[in-house]
Amino acid sequence: MSIEGHVQLAYAPDGASELCLLGDWTLPHLQRCRAQLLALSSLPERWQAQGLGALDTGGALLLASTRRARGLSTDINSLPGLSQEARALFAMVLEQSEMVAPAAAPLNGFRELLARMGRALESQWLQTRELLGFVGLTLVTCGLILTGKRRLRWTSTVFHMEQSGLDAVPIVALLSFLVGSVVAFLGATVLGDFGASIFTVELVSYSFLREFGVLLTAILLAGRSGSAFTAQIGSMKSREELDAIRALGLDPMEMLVVPRLLALLVMLPLLAFLAMLAGLAGGAIVGSLALDITPGMFISRLYEMTEVRHLWVGLSKAPLFAFLIAVVGCLEGFKVEGSAESVGRHTTSAVVQSIFLVILFDALFAIFFMQLDV
Amino acid sequence: MSEAETVIRVRDLRSQFGAQVVHDGLNLDVRRGEVMGVIGGSGAGKSVLLRSVVGLRQPDGGKAEVLGVDLSRAAAAQRQAIERRFGLLFQDGALFSSLTVAENVALPLKEQYALPPELLDPLVLLKIRLAGLPDSAAHKYPAQLSGGMRKRAGLARAIALDPEILFLDEPTSGLDPIGAAHFDSLLVTLKRALNLTVFLVTHDLDSLYAICDRVAVLADGKVIVVDRVEVVERFPHPWVQECFRGPRARGARRNQDVA
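Those protein sequences? They're chains R and B, same order as listed.
Residue 83 in the numbering used here sits at position 57 of the first sequence, with consecutive numbering throughout.
Residue 219 in the numbering used here sits at position 208 of the second sequence, with consecutive numbering throughout.
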């Protein structure tokens, strides 16, 4: 059983006072040991370790630093009675605990604030420039592939089409269906007050064909595929696989970026179209259940009142969204460095950035199409 | 140390992954205060043995005891009490990447004993120095350190609680010869000062000759021989002979003669 470390003032046979160290001077008792030493206003020069139990680095450090702080000699012989092992430990601690590290310089809050704002602004600018540069590089690589100077990786492209396109069908369809029915419910509540509940059909069809179909798909794919791109390329980067690709005389843009970009360019419009259908189906079902608009009526009303240009407006945005998601996802992957933690950070950043860009461009498109009157 | 206490006791250990049997009836004793080197070819199950001993892996048969307790079967409280008494250095340090070196070392100290900062900070700095790192490394993140420094930082964390036993998983792999030699001598110093028992998994022959009191050779799912390295190298087993009679072994022995 361990006995808590404690001290006792005693008199040596020659009459000089000495401090007897008793019990275990180990980590569990360290705080109370320290309190005991601090409680003594004056410490004698000579300490006696005859009754000392166990001693670990914590205890040895406490003894050494107390002696140093009180201006007592820090010689290994200043502590007679140590066992051989404890003596070796104490000697090592004495040697290593000599200097105290300088404290960190105090911070100026206001200047820190300014510096942080400046850093954030600068990194935003650098990030934008990097993104534009990467867009250029991607387009050049696509151009090289079109002119036959680089190969198109069919296997990889089809693989990513399956992963980020086909596998996303259930979630995209289900989500759009649910949002479609929610929009129809909203229409039923608001338009019903005016006796215009038949206009629910237009509400659902306009919103899904122009906006929601493609926007929901893009946001889902940003979260699902954009993040996957970052994680895949990022973990390759942290394991130096990208360097290996370059060292083998291959082009990571050609091997990794273009197939992913192409896969999204093909699959996102298809998924968006599917999302529009699912949203309309959701609206139709709510219409027939809650509003007495039969599916037949829904379809004929849709056919009569909704022009096909709305579909084209919606689908025309899909390739741009696909491009944004793929480019941001891949670029963030390339920016990963070092640890696995960095992969996580960049994955988060990829999702946030691509969703931000998708919504930003959607708003710009809305203004653009309004001015065009389509 | 002929009749010293046995601190690690492995009996009839069996480990298998699917149909592949890695250990089959493995026995090993490690005595207090010695440096036990465990060697064996790639895939001989050195790391699996270490993980079984420290309780990170449930043995498929037999048992592995540390300080008299079978960690893979012990109750949580008992296991924690034993875990506090040994330190473990993983192959690449396994430092927490979101914490600085100093925070990494401070973590076990803070979790186990609520030390105030005026006791904690110097102690952390002392451990970092004992592991052979400069003070400036304390506030760096693991990603900012070289491989050798990461290992030292991992060692600083492993000795944070003043363990009785130190488990090392290939501590010198990936280090340059000078760095590896420094690490070896650091281990010897620490072992003397902190009175450690060291369980060292390695394939570095220099380390075997330089610091190990005894060497255990893993082959065919068993420990085929445990003894001083001078005895082990004469053991008539094909793997042992190839290992200790190869060109690299001659270099390691020559270094030993010079030292």
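Hints are computed from structural coordinates only; laboratory data are not their basis.
Warning: the hint list may mix true and false statements.
Here are the simulated distance ranges between beta carbons [to be verified]:
hint : chain 1 : residue 1 : chain 2 : residue 2 : range
1    : B       : H150      : R       : N103      : 18 to 26 Å
2    : R       : E363      : B       : S184      : 19 to 27 Å
3    : R       : N103      : B       : S184      : 36 to 44 Å
4    : B       : Q102      : R       : I197      : 46 to 54 Å
5    : R       : S68       : B       : S147      : 20 to 28 Å
6    : R       : A270      : B       : H150      : 27 to 35 Å
Short, incomplete list of chain B residues facing chain R, as computed with Cβ under 7 Å [what the hints assert, rightly or not]:
hint : residue
7    : A105
8    : S108
9    : Y124
10   : L134
11   : L137
12   : R140
13   : S157
14   : R203
15   : H214
Glycine included, C-beta positions come from ideal geometry on N, C-alpha and C.
Now the hints, each set against the structure:
{"no.": "1", "hint": "B:H150 to R:N103: 18 to 26 Å", "result": "violated (36 Å)"}
{"no.": "2", "hint": "R:E363 to B:S184: 19 to 27 Å", "result": "holds (23 Å)"}
{"no.": "3", "hint": "R:N103 to B:S184: 36 to 44 Å", "result": "holds (41 Å)"}
{"no.": "4", "hint": "B:Q102 to R:I197: 46 to 54 Å", "result": "violated (39 Å)"}
{"no.": "5", "hint": "R:S68 to B:S147: 20 to 28 Å", "result": "violated (37 Å)"}
{"no.": "6", "hint": "R:A270 to B:H150: 27 to 35 Å", "result": "holds (33 Å)"}
{"no.": "7", "hint": "A105", "result": "violated (12 Å)"}
{"no.": "8", "hint": "S108", "result": "holds (4 Å)"}
{"no.": "9", "hint": "Y124", "result": "holds (5 Å)"}
{"no.": "10", "hint": "L134", "result": "holds (6 Å)"}
{"no.": "11", "hint": "L137", "result": "holds (5 Å)"}
{"no.": "12", "hint": "R140", "result": "holds (4 Å)"}
{"no.": "13", "hint": "S157", "result": "violated (12 Å)"}
{"no.": "14", "hint": "R203", "result": "holds (6 Å)"}
{"no.": "15", "hint": "H214", "result": "violated (22 Å)"}
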